[in-house]
Each structure stands twice: as structure tokens, then as C-alpha cells.
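Which chain is which? The protein sequence lines are A and B, in order.
Going by our numbering, 88 is the number at position 88 of the first sequence; the sequence numbering is gapless.
Going by our numbering, 81 is the number at position 81 of the second sequence; the sequence numbering is gapless.
Just so you know, these hints were derived from the structure itself, not from any lab.
Please note: incorrect hints may appear among the correct ones.
Said to hold, decoys possible - Here are the simulated lysine-lysine pairs, DSS-like style, with alpha carbons at most 27 Å apart:
(1) A:Lys247 / A:Lys423
(2) B:Lys407 / A:Lys31
(3) A:Lys423 / B:Lys407
(4) A:Lys171 / A:Lys247
(5) A:Lys355 / A:Lys511
(6) A:Lys511 / A:Lys171
(7) A:Lys511 / A:Lys423
(8) A:Lys423 / B:Lys286
(9) A:Lys588 / A:Lys238
(10) A:Lys511 / B:Lys27
Predicted, not measured: the structure shown is a model, and the values here were computed from it.
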Amino acid sequence: MSDLNTTGVEGTVTIKPAPETPKLPPREWLKENLFSNKFNTLLTLFSAAILLMISRGLLSFIFNPERQWGSTSTNLRLMMTQAYPEEQYIRVWVSVAVIFTLVGASMAIWNAGSRVTLRRLGSFLLSSGVVIDILTLLAPFSGQAKIIWLIIGSAVSGAGGVLLRVSDKDKDISSLTLVVATLAAAILSLWIVPFGHHSFVFERTPRSMAETGTVALTTKLPWTIMVVIGILAYFLGKIVMNRFPSKNLRPTIIGIWFLTPPTLLYLVLRDPDFDMGHVLNTDIPIFLIFAIAGGALLSWFTRPTTGEIGRVCAALVLLAGFGMFFTPMRMIIRILMLLLATFALAAPTFAGDSKTRRRYVLAWLGVSGIITWLVTAVNTPSTIEVPGDFFLGGISLTLLVAIFTIVISFPIGILLALARTSKMPIFRILSTWFIEFVRGIPLITILIFFSIMVPLFLPKGMELSEVSAIVIGYSLFSAAYLAENVRGGLQSVTRGQHEAAEAVGMTTSQKTFFIVLPQALRVSIPPLVGHCIGVFKETSLLAIIGLFDILYIARNVIPNQTEFLGSTRENLLFVSLIYFFFAYQMSKASQRLERRVGLGER
Amino acid sequence: MPDTPTSTSAKVLSARPPLWRDAVVLKWVTQLFLLFIVLTSLWFLTSQAGDNLEARDIPSDFNFIERPVDIQLSEGIDTHPDSGGRALWVGMVNTIRISIVGIIFATMLGIMVGLARLSNNWLINRLGTMWVETLRNIPLLVQIIFYFSVLTVLPRLTLESGPINGWFHISNKGISMPRVFLADGFYQWLVVVLIGAVVGYYVHRHRTRLHNETGAITSPILWAFAVITLFAIVGIFIHPIFSWVGSIFGALASLFDSLTVLVPQIVLSGVALVGATTWVLRFIRKHRSAGGHLSLVDDDWFRIIFTIAVSVILVFVFISWEGLSSWILNSGRDLFQVIESKFNVDGAARPFDAMRPEIIQKGKFPNYGPSGLTMSVSFAAVFFGVVFYTSAFIGENVRGGILAVPKGQIEAARAVGLRQSQALRHVILPQAFRVILPPTGNQYLNLTKNTSLAIAVGYSDIVQVGTTVFNQTGKTLPVVGIWMLFYLSCSLTISVIVNWFNVRMQLVER
């Protein structure tokens with residue numbers, strides 16, 4: 001950052017913003033940037049020719065009358081949720097509403113959004129208007145269409161020019177306003193354009209038939225409501241922030257974010273068919289026994305005076321947990337036992353006064369309750385019936401697999417990274433071998449292996465759906481890469497931090513969890529976000545195994561519909577647009593986040 | 001931790017803690033416990049899988065490697081392999097082929113993209129940015145399938161469109177271009193070029209010395225290149241005089257033929273033992289302090305014991321496994337015999353030759369003949385996919401590496417009077433290369449692994465062939481094992497090569 005001037009004023013350091021580069025008049029700008037010497041001129045002409053050829057080719061492809069863009073706009077519902085039954089669609093809308101609410105509230109609570117100067121907006125509009133005009137001239141339009149588009153382009157650039165001329169230098173608007181305006185425009189298009197719809201018809205074999213205009217009819221109202229809900233949630237969040245400012249606000253929202261995916265998936269979308277009598281007779285008593293006995297045990301373990309008896313008992317609980325995992329019994333008991341063992345092992349780290357202990361026991365009650373409920377919901381059959389193995393498909397399947405993979409691989413990856421940097425040889429060797437092994441083989445072999453082989457590895461009576469098996473395999477794969485990112489962060493924590501933590505008398509686990517890991521994770525935010533983008537992009541590999549993700553639908557399902565035979569290229573362009581949108585937004589967001597936490601400046 | 005009374009702290013420090021609080025004991029108990037858990041889980045899972053496979057009557061053995069299979073591959077060195085092993089081998093060759101070609105082209109394109117991103121020219125700069133941002137943010141699989149679907153709608157190949165009068169031909173069967181190949185005289189010509197390289201080396205040394213003594217501009221590299229080129233050109237006409245070189249390889253082949261299995265056994269075991277001993281001795285010497293005191297923590301002991309154990313096991317394997325030694329002997333003999341036969345050609349053979357693409361009637365449909373170099377549609381889709389995708393990442397690496405060279409370095413190079421080209425070669429590029437190489441090596445690994453997406457467009461790489469094999473024979477586990485071994489060895493090879501360059505590039509610090 002050589003252009004940051006630092007000047008000392010009476011011991012304090014102020015950082016002046018970089019001086020703005022003086023704006024060149026267009027003529028000189030062209031000369032400076034495009035035609036500064038012979039070689040540059042040649043390059044400019046060459047690349048301009050390439051650019052013209054590419055845009056001409058793309059435009060004549062897109063606006064060719066043979067293109068069937070109806071294939072994407074008619075199959076929007078198929079691409080979103082595949083064959084989710086239409087009469088149950090209210091469940092999808094509820095899930096979307098929950099997510100919009102959370103997004104709105106989080107944006108308010110984290111003060112998201114920045115200010116955009118009107119000048120920047122003006123110059124953006126100006127240049128995009130010019131681009132529209134140039135593209136119109138290149139496109140194979142008829143005379144009338146060309147004129148209309150030229151007028152639109154000129155209008156946009158004219159508006160930009162006016163904005164540029166009229167507005168002051170410092171006037172700005174919130175970027176959130178712009179986002180809302182864009183969303184509103186998108187929704188308005190639903191009210192105007194009659195997007196079609198393919199619905200599944202169950203006659204002899206399930207197949208899909210096109211119905212024109214239905215998607216716009218049935219979704220324009222829900223989408224409008226969703227956006228309004230999001231905006232309302234934003235203002236609600238603002239009010240809560242101002243009226244009842246609390247330290248617990250952000251942790252609460254983060255907790256809700258973590259709980260949302262499983263809740264939406266298993267309670268709302270999947271609609272489990274609970275057998276209340278069974279639940280009352282078995283699941284709830286098991287949970288109560290574990291909650292009370294485990295709570296008492298943990299409350300005793302966290303007492304500072306318990307000492308090594310507590311540790312020995314914790315080790316015994318751990319042994320029992322592993323032993324029980326391989327003996328046939330109800331899954332819920334195995335899982336709760338393992339969870340209790342983990343909590344018992346971590347107990348000495350959280351030992352302290354009665355308040356700390358109460359919080360630890362409460363955490364145990366909460367986590368075990370949630371896990372019990374989740375396991376019960378997972379084990380309960382669904383009432384949703386769809387053709388195919390899994391009740392979700394399209395983008396919802398992609399997002400589901402991506403989110404679950406990232407969430408599951410996070411703790412595994414951190415543990416692997418800790419083991420790999422540990423001084424204990426067996427931990428280190430096992431972790432290193434695992435990481436290097438997984439990183440050495442392609443994802444597709446792992447996915448094929450898990451989708452075919454997992455049923456063979458399970459004991460009799462245990463079943464796992466294909467999607468769950470794949471999420472497990474994908475999580476292990478992702479954890480190996482994540483571990484390497486976290487390891488980079490761990491190595492960047494200076495030795496002084498370790499020594500300081502030891503000097504104040506922290507145990508190794510306290511040092512790791514309260515001193516080293518927070519700093520390491522903060523440093524590894526950029527690679528971790530990059531990793532998440534990668535996980536999202538590579539969910540497209542599900543198509544190879546034959547799951548109905550968006551790529552599979554675009555390549556193998558839609559081109560087989562009688563109306564849209566051979567529309568693969570159009571669908572693929574649409575799918576790449578969707579992936580590009582999400583991935584690009586995520587990478588931009590990570591750059592903003594990087595600047596915000598001040599990485600690389602300290 | 002509860003407070004310890006100060007009066008007893010000295011006592012506590014000097015006394016040995018009880019067993020269950022001893023850090024060393026606890027550490028090892030935990031580790032062994034984890035090892036136990038991992039091994040038990042693995043044993044449990046494999047026994048479970050064994051039971052389940054047996055219940056479904058699918059034995060997991062490797063005999064499909066020798067059994068005949070009914071597989072037709074789209075391309076490769078053998079499109080009708082007679083056994084499962086042969087089919088997998090064809091798949092491996094296909095994977096390696098597309099990886100190597102892909103790495104070469106991705107590197108060239110990536111460097112261009114990186115330089116474009118650094119260019120002062122606004123238009124070029126923006127083009128580079130667009131290239132990187134677009135390709136990075138779209139999944140590779142989507143790109144590959146898109147290229148495939150674009151290529152398959154190209155005009156159909158018909159016999160009427162041939163004979164091809166141009167150099168290139170493109171249709172829905174692929175892209176065909178002239179094939180340049182090594183003809184019979186190549187090996188003799190290679191000997192001439194090698195001699196030229198030796199002469200060039202001495203010329204280079206001489207010119208460098210001249211430069212160092214007189215300070216004149218002697219351009220040693222240019223001279224060396226000129227010498228080698230001269231030899232190469234002359235070699236095209238005179239190479240038949242080197243046909244006698246083949247007899248040297250013949251002698252080597254007969255030497256390998258006469259050796260017994262005992263020789264490789266002794267040599268290999270010796271290498272293993274001597275290697276382990278030197279490693280342990282050096283390790284101990286390194287950990288000895290200046291005063292001669294040796295301090296080894298348990299981790300170090302673990303390494304020493306591990307090394308010794310591995311070397312003993314290796315010796316045992318070498319001696320007990322006679323097949324390995326005889327395989328080494330046989331393949332050495334075969335290799336030298338093959339090289340010998342390469343020199344057995346008549347004098348008029350040319351070192352290189354080229355053939356134009358052609359269209360022939362192959363079965364029902366017309367197709368490209370073997371005389372041209374043909375890229376099938378699936379190969380082209382995977383190739384363009386991985387090359388474009390990887391070039392975006394390599395471009396970013398190149399850009400980052402060049403930006404990472406401090407401005408002061410360039411100014412300092414100017415200040416000591418280096419010319420622009422010298423500054424580039426001796427100051428900027430070595431430093432930039434040090435930053436670029438490690439992440440680019442990672443990209444090479446990724447490219448190799450990404451070629452496995454070929455299964456989506458039907459290019460017969462190892463994953464696609466393997467899937468066909470286990471669908472026919474039901475032997476999923478062995479095939480997956482072969483995949484993993486293959487990809488692991490590919491990754492290992494690439495990282496060894498990249499590391500070798502990396503070590504050579506590292507700053508030598510005191």
C-alpha cells in the first residue's frame with residue numbers, strides 16, 4: 001500500500017485517503033491507455049477484433065430464431081425443486097420466507113451494505129448504455145428491434161449522464177436500496193412476462209407436460225410477499241438493534257442460521273410422519289434419561305475440585321460410547337452416548353464457578369435435545385411422494401448438498417488440521433495420510449465410491465439414502481482441503497501467543513480453543529470462502545452420478561421433453577449463468593469481508 | 001487448575017507425577033487409543049463389506065484383470081481391449097495423455113492471461129479480467145458439457161467433403177490436423193543432436209569465460225543454440241553413419257540377460273539398508289548438540305524406529321519376492337532390445353515425417369483416417385475445458401507472482417546497470433518464479449484430477465473405463481482401488497517434479 005500517506009500528528013497516526021487520480025479527457029485517456037506506442041496499438045486492434053468476433057458470435061447465437069429460450073423459462077420450477085408436489089408447495093414458500101426473514105434481519109444486525117456515490121452510479125449507467133448500443137449494432141436484429149434497443153441504450157446512458165452532471169460529488173445512496181430496486185424489477189417481470197411451467201403428470205409413467213403462463217400466475221404473489229417479508233425483517237432488525245441493543249443478538253442469529261437448514265429440510269420440506277405414541281414411549285424417555293444423568297455428570301465434571309477422577313470417568317464414558325457404537329441398539333442411544341463422551345472430555349476446559357457450570361449443562365441439554373429431535377425426524381418416513389429417490393432436486397438439491405457438506409466438513413477439517421500440526425506422532429501421521437490420500441484422488445471417484453459402496457459397508461438393518469451417503473463422502477473430501485486452509489492459519493499464529501497463553505496457566509485445550517483457533521480462523525477466512533465457493537461449484541458433479549441436480553436437469557431432462565428437443569446449449573448457458581451469479585457474488589462478498597476484518601493491514 | 005500451596009510447589013515439581021497424570025503416558029495412551037479406534041473401525045467396516053459382498057455373491061478379487069471383457073473404447077491405443085487389465089491400461093494412457101497435453105497448453109495460455117492482466121493496455125487488461133472471472137466462476141463440468149454440446153452440433157462428416165484440401169478439418173467427429181511423427185531415422189538423428197548439445201555446452205562455457213575476462217558482449221546462449229541447430233540441420237543428412245550405436249544397446253541387453261536374480265536382490269537390499277543407516281546416522285548427528293549431548297524426544301525415537309522397520313521390511317520383500325527382481329531384469333533387457341531395434345533401419349530413413357488428415361469409410365459412417373492427428377469430440381471438450389479453466393487460475397498465479405517482486409528490486413537492477421533483458425532474466429523472473437511455482441504445481445495436480453470429469457462426455461479415461469469394467473464384472477472395490485492407486489501415483493509424480501524445481505528455486509539462506 002504505497003499510496004497511503006501516514007503522517008504523525010502529536011503521537012497519533014492518521015491515514016489520509018489516497019489522492020484521486022486526475023481524470024483525463026477522453027482523447028488523452030485513449031492515447032494513454034490504448035495507443036501509447038506501436039505495439040500497444042497493434043494489441044488494441046487485435047483484441048478489439050477478437051472482442052467484436054466473440055460478441056457477434058454470442059449475440060447471433062442468443063438471438064437466433066432457432067433458439068428455444070422457452071426451455072428455461074418454462075422449466076423454472078423443475079430447475080428449482082424438480083418434482084416437488086404442487087399441492088405441497090406452500091412448504092417451499094415457507095422455507096423461502098424463513099430464509100428471507102433471516103437474511104433481512106442479519107443484514108440489519110450486521111449493518112450490511114455500503115454507500116454508493118451517485119457519480120459512480122451515473123458512470124455505471126452511462127457505460128452500460130453505451131455497451132447496450134454497441135451490442136445492438138452488432139446483433140442480428142431486424143430494423144425495428146434495433147431502433148428500439150438503440151433508444152433503450154441511449155436512454156440508459158442519457159440517464160447516467162444526467163446523474164453524473166447533476167449530482168454533487170458527495171451525494172450517495174445505500175447499496176441496499178439498489179439491491180431492493182433490482183429485486184423489485186425482477187418481481188415486476190414475473191407480473192408481466194408469462195413464464196410457462198412443466199407439471200408432472202402421473203398417468204402410466206410419470207412425465208412432464210408444458211402449461212404456458214402458470215409459473216408466473218402461481219409464483220408472482222408468493223415472490224412479492226417474500227421480498228416484502230425480507231424488507232420488513234430488515235426494519236424489524238433495525239428496530240431491535242436500536243431499542244434493545246444486546247451482546248447476545250449476533251450469537252443468537254448465528255445459532256438460528258445453523259439450526260435453519262436441518263429444520264427446514266426435515267420439518268418443513270420433508271414433512272415427517274411422526275408416530276406420536278412411539279415418540280412418547282421411546283425417544284422422549286431416552287432423551288430424558290440422557291439429559292438428566294448426563295447433566296448431573298457434567299455438572300460434577302466441571303467442578304474445579306473434581307480433578308483427575310473426573311478425567312478418568314470421562315475416559316470411561318468415551319470408551320463406553322465407542323463400545324456402544326458397534327453394538328446393535330437404537331441409533332439415538334449410540335449418538336447421544338458419543339455426544340456425552342465428547343462433552344465429558346471437554347468438561348475440564350470449561351470448569352469454573354457455578355454460573356459457567358450452569359451454562360455448560362444448559363448447552364448439553366440444548367444440544368442433546370436438538371440432536372434427539374433431528375435423529376427422530378430423520379428416522380421418520382416422509383409423507384412427500386415424488387418420482388425418483390429424493391424429494392428435492394434442481395437448485396434446492398445443489399444448495400442443500402453444498403450447505404450440509406460445508407457445515408459437516410468444518411469441525412472435521414479443524415480437527416484434522418489440529419492433528420496435523422500436533423506434536424503427537426500417531427495423530428499427525430494418521431491425519432497427514434488421510435489428508436494427502438484424499439487430496440490425491442479426484443472427487444468423482446469418491447462420489448462414485450460412496451454412492452455405490454456405502455450400503456455394503458453398513459451393518460444389517462442400517463440404511464442410508466444415496467444423498468446422505470454422498471454428503472458424507474463429499475464432507476470427508478472437503479474436510480481434507482479445509483484442513484489444509486486451516487493449517488495455514490494455525491501456522492501464522494505467532495509463538496508469542498502460545499507462550500503467553502501458557503504463561504497465564506492455560507491448559508493445552510484452553511490454549512487451542514480460546515487463543516490459537518480464533519486467530520487462525522480469522523487469518524484463513526479468504527481461503528475458506530474460496531473453498532466454500534469450490535464446494536458449491538463442484539456440487540455439479542452430482543449430475544454424473546445421476547442425481548437430479550440442476551445440471552442433470554438441464555442436460556438430460558429438459559432436452560428430452562417433446563417441446564424442447566435439442567435445447568441443451570440454451571439450458572447449459574442458463575445454468576452457467578446461475579452458477580456464475582452465486583459464485584461471483586460470494587467471491588465479491590469475501591473480498592468485502594476481508595477488507596472489513598482488516599486482514600493484511602495489521 | 002486449583003492453586004497449589006507455595007510451600008509444596010518445590011516438592012510437586014521434583015516428584016514424579018502419578019501414572020494417570022504423567023503427560024508422556026497420557027499422550028501415548030490417547031494416541032494408541034485413537035489408533036485402536038481407527039483400526040477397529042476399519043476392520044469392522046471391511047468385515048461388514050466382506051459379509052455383504054459374500055451375501056450378494058460378488059467376490060472381490062482381481063481376476064477380472066486377465067479375464068476377457070466385452071468393452072469398446074471410443075479412442076486410445078487399443079479400442080478393443082482383450083482383458084479388463086488391458087482396458088484399464090488404455091484408460092490410464094488416455095488420462096496421462098490428456099493431462100500432459102493439458103498441462104502444456106494451460107501453462108502457455110495461463111502465462112498469456114497473467115501478462116494480459118498486467119498490461120497497460122486497457123482493452124487487453126479488461127479482456128484478461130473477463131476471461132479469469134468468467135471461467136473461474138462457472139463449474140468445470142458445466143463448461144466441459146457445454147463445449148461438448150457445441151461440438152456435437154457441428155456439420156456432419158461426409159465422404160463428399162474429402163479429400164481434405166486444407167490442413168485442418170472440423171466436423172461433428174472432431175478436429176483433424178496434420179500429423180508430424182518421428183520416422184525411422186529419428187534415433188540416429190538424436191545421436192547427432194546429442195553430440196551437438198555436448199559441443200554447444202563447451203562453446204557456451206568458452207563464450208562465458210571470454211565475457212568474464214574481456215567484458216565484451218559474447219551472447220553465449222545464442223552461440224550454444226546456433227551450434228545445436230547447426231548440428232540438428234546437418235544431422236538430417238548425415239545421421240545414417242550412426243547406425244552402429246545400436247550395437248551398444250544390444251550388448252547391454254545381453255548383459256542384462258546373463259545376470260541372475262541374485263544381483264538385483266543384493267543391489268536393492270543394499271540400497272535400502274545403506275539408505276536407512278545413513279538417514280539414521282545423519283538424524284542422530286543433527287540432533288547432537290555441540291557438546292556431544294544427544295537429546296531425542298519420543299517423536300524422534302518414533303521416526304528412527306519407523307525408518308529401521310521400513311528398511312527391514314523392504315529388504316525382506318526384495319529377497320523373498322523373486323518376481324520383482326526377474327521383472328526388473330526382463331524389462332531392462334526388453335528396453336535395451338527395443339532401443340537396439342530402433343537403430344536397425346536402412347540408411348535412407350528420414351528423422352521426421354508429416355501426413356495430412358483424410359476421411360475414410362470406417363464401418364457404417366465416414367470418419368477421419370489414421371493419417372491425420374485427430375482430436376475426437378470428447379477429447380476436445382475435456383481438453384478445452386481443463387485448459388481454459390486451469391489457465392484462469394494459472395494466470396492469477398502469474399500475475400500475483402510478478403506483482404510480488406518488490407519495485408526496489410527492479411530499480412536496483414537498473415542502478416547496477418543491467419539491461420532490461422538481463423534484469424528480467426536475473427532479477428525479476430527468478431523471484432517471481434519462486435512465488436508462482438508452488439500454487440501452479442497445485443493447479444497441475446488439479447488439472448490431472450479434473451480430467452476425470454471426462455466420464456460426463458464419454459472420453460475413455462480411467463474413470464470411464466473403470467465404471468464400464470465394474471458395471472460388467474461387479475468388482476467395484478478392486479476397480480476403485482486401482483483408480484486411487486493410479487491417481488495417487490500421478491499426484492506423487494507431479495509433486496515430486498514440482499518440488500524438485502521448487503528446491504532449486506529456493507533462496508539459499510545462511
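Structure-based check of all given hints:
Of the pairs offered as hints, the one joining Lys247 of chain A and Lys423 of chain A is violated, with about 37 Å between alpha carbons and a cut-off of 27 Å exceeded. Of the supplied pair hints, the one linking Lys407 of chain B and Lys31 of chain A holds, its CA atoms being roughly 26 Å apart against a limit of 27 Å. Proposed proximity of Lys423 of chain A and Lys407 of chain B is contradicted: the alpha carbons are some 40 Å apart, above 27 Å. The hinted pair formed by Lys171 of chain A and Lys247 of chain A fails the criterion: a straight-line CA distance of about 33 Å is larger than 27 Å.
With a C-alpha separation of about 21 Å, the suggested pairing of Lys355 of chain A with Lys511 of chain A holds against the 27 Å cut-off. Taking the CA atoms of Lys511 of chain A and Lys171 of chain A, the gap is near 48 Å; set against the 27 Å cutoff, the hint is violated. This hinted pair checks out: Lys511 of chain A and Lys423 of chain A have alpha carbons roughly 15 Å apart, not beyond 27 Å. The hinted pair formed by Lys423 of chain A and Lys286 of chain B meets the criterion: a straight-line CA distance of about 19 Å does not exceed 27 Å.
At roughly 25 Å between alpha-carbon atoms, Lys588 of chain A and Lys238 of chain A fall within 27 Å of each other, so this suggested pair holds. The suggested pairing of Lys511 of chain A with Lys27 of chain B holds, with an alpha-carbon distance near 17 Å, which does not exceed 27 Å.
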